[in-house]
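> All chains, please: the whole structure from these sequences, using the hints.
First to last, the protein sequences are chains A and B. Start counting the first sequence at 1; every next residue gets the next number (the UniProt record's numbering). Start counting the second sequence at 1; every next residue gets the next number (the UniProt record's numbering).
The set of hints was computed from the structure by calculation and includes no laboratory data. Hints are not guaranteed to be accurate.
[Claimed, not checked] Where chain A lies over chain B, by a calculated footprint (3+ residues, C-beta under 8 Å):
#, region
1, 233-244
2, 422-432
3, 557-570
Beta carbons: idealized from backbone N, C-alpha and C, even for Gly.
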Amino acid sequence: MSSDVKFTDFKSDKQPTWCPGCGDFGTMNGMMKALANTGNDPDNTFVVAGIGCSGKIGTYMHSYALHGVHGRALPVGTGVKFANPDLEVMVAGGDGDGYSIGAGHFVHAVRRNPDITYVVMDNRIYGLTKGQASPTSRQDFETSTTPEGPKQPPVNPLALALASGATFIAQSFSSDALRHAEIIEQAIEHDGFGFVNVFSPCVTFNDVDTYDYFRDSLVDLQEEDHDPTDYQSAKEKILEGDKEYMGVIWQDEESVPYHETHGVTENMADIPDGAADGTMDLVREFY
Amino acid sequence: MAEDLNWAIGGEAGDGIDSTGKIFAQALSRAGRHVFTSKDFASRIRGGYTAYKIRTSTEQVQSVVDRLDILVALTQRTIDENLDELHDQSAVIYDGERSWEAEYPEYITGVDVPLKSLAEEAGGAIMRNIVALGAACEITNFAIKNLDEALEKRFGSKGEKIVENNKKAARLGQEYVAENYDLDVDYDLDETDNDYVLLNGDEAIGMGAIAAGCRFYAGYPITPATDVMEYLTGRIDEFGGHVVQAEDELSAINMALGAARAGARSMTATSGPGIDLMTETFGLVATSETPLVIVDVMRSGPSTGMPTKQEQGDLNMTLYGGHGEIPRFVVAPTSIDECFWKTVEAFNYAEKYQTPVYLVADLALAVTEQTFPPEAFDMDEVEVDRGKVVDDDTVGEWLDDEGRFRAHANTDDGVSPRAFPGTIDGAHMSTGLEHDELGRRTEDTNVRIEQVDKRNRKVDTAREQEDWDYREFGDPDADSLVISWGSNEGAMREALGYLDERGIDVRFLSVPYIFPRPDLSEEIAAAETTIVVECNATGQFANLIEHDVLERVERINKYNGVRFKADELADDIEEKLATEAKAQ
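In structure tokens, the structure reads:
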């Protein structure tokens, strides 16, 4: 690939089967733009996704990619990055994938702080299984499996990330193309785990968390002069709960990614044709 | 007296049984003696009965027997637990203040040594086990300088003072016995010129992995597989690798999968309950055609079963686990040195055929230490075959008309090209969904059949290209045939000797390959009686063999949580053959 990579180079020739108007189109376009803008190309990029609507993203993008099983995309992406720190690794998933079945992996990926970008397409509903409550669904949101609403509070993914020691927390909105791409770009450039929760509306099954709703209610932190390196301010914004924000909420400027703290710097694909020099010492150790 | 000596130390978990046993094993190994150890431990950190047994000889030993010659009993229960194995030449070293209250048969020689007070004299009560080792040296006429060396190795990093104190403790134990006892029990632990290494199966697997070029390991601690991770930690780094302790087994196998897709030789290890969890991702590994080595160190199941006890109950799980139909290889080392070599092979199979490979070991192999000449692990013999990896220059052959990489190309041998990320023009997706040659999802009926056949064809190719052989022992012309897999080989090889003494000729085949596996029809047809020996209740391997040869085989199954012992196995086989003869 040449150095003047266009975002369309990250596009595959497969037509998305997402519903017309789905928020995932915008989310993906922003990811591709951000990858191109940060100087990456498909040959050094690895995209991992789980299953569900969000999981299809690897099919529609062009890069090295793995479309795995539900909820396990983060461990896969972590393994990719550890084995070859030169790769740009992006993990994408949905709210069910990330905050329900994969919640445990989310917490541990956050605290490991691998230098990967994690994009969650949060539509607050299970779309591909046709409309059940998700972990971010509102308490009173009526669905086929929760006719009176889940009657339990939604997961606050930003708070979960903060409590787990996140070094980068952002929130974005798929239809605000410019800001969305900018935020993903910042996540990619962050040295460590760049977590972006993206409101990516489901036009088929969620008539509450709609484009209109987010357009009206989202507060852009840029306009509030929020300083993302101010932990106290970030904590208040994440926990206060009465407003929904867009932008980078928290960034630890001192963040050191996992591969640096653990000295994992080599491309592990490079191995000799036989046992490496020094392996006989491993035997001598047992004398 | 016999060259072959059986020594044990037993007490409560937390008494330092394991480290004491290991020190003595190392001392014997340094003296050029063959050593074979076994552990009897409970799933708890403190309390309960735990023992470390050593069998040592100037000849090669590879199993345990029902006999104890020297027993260091830190608790009375230790004597009670081992009473059946004590005989008229046995000596029991004990501290009169702590054990030996009950009446024991007169023929057992008790050697009362004030372990605690002598240890205190040497510098601390903690060294009472070392006092007992010194006493054992005296009873067995074993040169105490070997023990000194083992103590230096063990405590060297803790400073000269600690080493000296331990040496003194050993001397005090030795002198006490020499001054206070004139024993009828008499053993001579001779030294030899042999130069041995002493290691267990888990360590051999870890060493094999590094030798094979494994650079990434993710796992979650579980008995009895944890030693693999502990071995790799701190060692693999020196070769540019890394170990991650994942949050669970699901994460571990997915991390290992990610690393493998990035081009690393990658591995995870667990035991049965962990295999259950990993099975979710196992199908993805196979369908995405990712090379991955998954080690299952079996313990007693099902569920959490008996975590610290021996069993070979997961064979069906590794052969059939996972929904749908999944090509995989299942390789099962039969001895500790084979744990090393089969790990190396497993990585080559995984990459040559782009499949997951189960490396199935069992607790008896994993926790047992055995001596080997270092040449048994000759690193020059290690071959690394990465299979069909394409690079920037060769990727072009595998691009379609539109320049897209055919990562799942439908080839004659079933194996597709593999491009590590970073390869120019090699970008592609892999998925657990059925996919076409480009890795893109499809439900096209013809492509589905093509890809299923392609993946299964790899197994046919491997059957042709590789040597799925067995290891043979005993009399090749005998009418009686015994077949086993896994750790039973050691006990069985030795049982051959006992059977020979009784005039019973047996041909023994030890099979290290479960799938693919050697065709044994000719061997079984040539035998009058075939017996399959395994540590499970239902005869999982025997079932496979019956399925292969369409003939009934006899079975010897042990599933009480304890490995086969050589003498016991000889008795079982003699009895089985006698019953068969009567029936005919």
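> Which constraints among the numbered hints does this structure fail? Numbers only, ascending.
Of the numbered hints, just 3 does not hold.
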